[in-house]
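Using the sequences and the hints, build the whole thing.
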Amino acid sequence: MSIVRLARLSSAFVLVVCAMLVPAGCGSSPKRAANTSQVPPSRGPEADAMIARADVLAARGNSEGAASLYREALSIAPDRYIAWNNLGVELMNLGNNIDAVAAFKVAADLSPRDPRPLANVGLVYQNIGWAQDALEYYERSLQRDPAFLDALRGWALAEEHLNYASLESLERIKRATLMESDPQWREFFERRRFRIQDQLNRSSE
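Residue numbers (the numbering used here): 1 to 205.
Calculated directly from the structure, the hints in this document are not laboratory data.
Accuracy of the hints is not assured; some may be wrong.
Below 25 Å or equal to it, Euclidean Cα-Cα: the simulated DMTMM-like pairs (lysine to aspartate or glutamate) are [as the list claims (entries may be wrong)]: (1) Lys174 <-> Asp109; (2) Lys105 <-> Glu136; (3) Lys174 <-> Glu160; (4) Lys174 <-> Asp198; (5) Lys174 <-> Glu205; (6) Lys174 <-> Asp145; (7) Lys105 <-> Glu139; (8) Lys174 <-> Glu139; (9) Lys105 <-> Asp79; (10) Lys174 <-> Glu136; (11) Lys105 <-> Glu64.
Restraint-style ranges between C-beta atoms, simulated for each label pair [as the list claims (entries may be wrong)]: (12) Glu168 <-> Ala102: 27 to 33 Å; (13) Gln197 <-> Pro112: 21 to 27 Å; (14) Arg113 <-> Pro45: 22 to 28 Å; (15) Ile98 <-> Asn163: 27 to 33 Å; (16) Gly65 <-> Asn97: 31 to 37 Å; (17) Ser203 <-> Pro112: 35 to 41 Å.
Note that the structure is a prediction, hence the values are computed from the model and not measured.
Even glycine gets a Cβ: it sits at the ideal position worked out from N, Cα and C.
Spelled out as structure tokens, the structure:
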């Protein structure tokens, strides 16, 4: 089981807008940023409808069309962090890593509790081989939510690439293993745990 394939399993974490934004249907969906008053009331629903259409295009694999609609929605309602995050996902799919990272960072600023935009930055850096930068953003994502499994996966891959080992890493890997339900990732965490333990044992000799 290759690390590259594992990294791809941990694909960008898309925030999906529920149809028509009905509260009863969005119980677990992310909350919007607080500064919605900056958007004219008459334009908010228009922007949200564009975001919903963009989500459909994204689900169909039309990254260019989705990115265009997300941008159009954000020109009306720049506070929609969901659209910023999803724009970043589509830009990443199109190979535009610079703009993808910029979009994810805006989403992270607009939604200071959500771990996903920061983990997406980590994923971009991981995919281009910048393990140290990826590790930094996975750590920042885990500061927002220590139990965010996608960030734990990315963090573990980055630490393995960098050959890091510490008692803190060992404890975090143990927690991740207990949380993990995917057999391949659980196997990876177990293997990582043994390697960290071995490194720590050898360093103490």
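Hints and how they fare:
1. Restraint check for lysine 174 and aspartate 109: not satisfied, since their Cα atoms lie roughly 30 Å apart, outside the 25 Å limit.
2. Our distance criterion of 25 Å between C-alpha atoms is met by lysine 105 and glutamate 136, whose separation comes to about 13 Å.
3. About 15 Å separates the Cα atoms of lysine 174 and glutamate 160, which keeps this hinted pair within 25 Å; it holds.
4. Among the hinted pairs, lysine 174 with aspartate 198 is consistent with the structure: their alpha-carbon atoms are about 15 Å apart, no more than 25 Å.
5. Restraint check for lysine 174 and glutamate 205: satisfied, since their Cα atoms lie roughly 23 Å apart, inside the 25 Å limit.
6. Of the supplied pair hints, the one linking lysine 174 and aspartate 145 holds, its CA atoms being roughly 16 Å apart against a limit of 25 Å.
7. A hinted pair counts as satisfied when its Cα atoms are at most 25 Å apart, and lysine 105 with glutamate 139 qualifies at roughly 15 Å.
8. With a C-alpha separation of about 16 Å, the suggested pairing of lysine 174 with glutamate 139 holds against the 25 Å cut-off.
9. A distance of roughly 13 Å separates the Cα atoms of lysine 105 and aspartate 79; the hinted pair therefore holds under the 25 Å criterion.
10. Between lysine 174 and glutamate 136 the alpha-carbon distance is near 20 Å, which keeps this suggested pair within the 25 Å criterion.
11. For the hint pairing lysine 105 with glutamate 64, the CA-to-CA distance comes to about 20 Å; that is within 25 Å, so the pair holds.
12. Remark: the range hint 27 to 33 Å for glutamate 168 to alanine 102 is upheld by a beta-carbon distance near 31 Å.
13. Separated by about 35 Å at the C-beta atoms, glutamine 197 and proline 112 break the suggested range of 21 to 27 Å.
14. Range check, arginine 113 to proline 45: about 25 Å between beta-carbon atoms, so the 22 to 28 Å window is met.
15. Look at isoleucine 98 against asparagine 163: about 28 Å separates their beta carbons, and that is inside 27 to 33 Å.
16. Between glycine 65 and asparagine 97 the CB atoms are about 20 Å apart, so this pair departs from the stated range of 31 to 37 Å.
17. Range check, serine 203 to proline 112: about 37 Å between beta-carbon atoms, so the 35 to 41 Å window is met.
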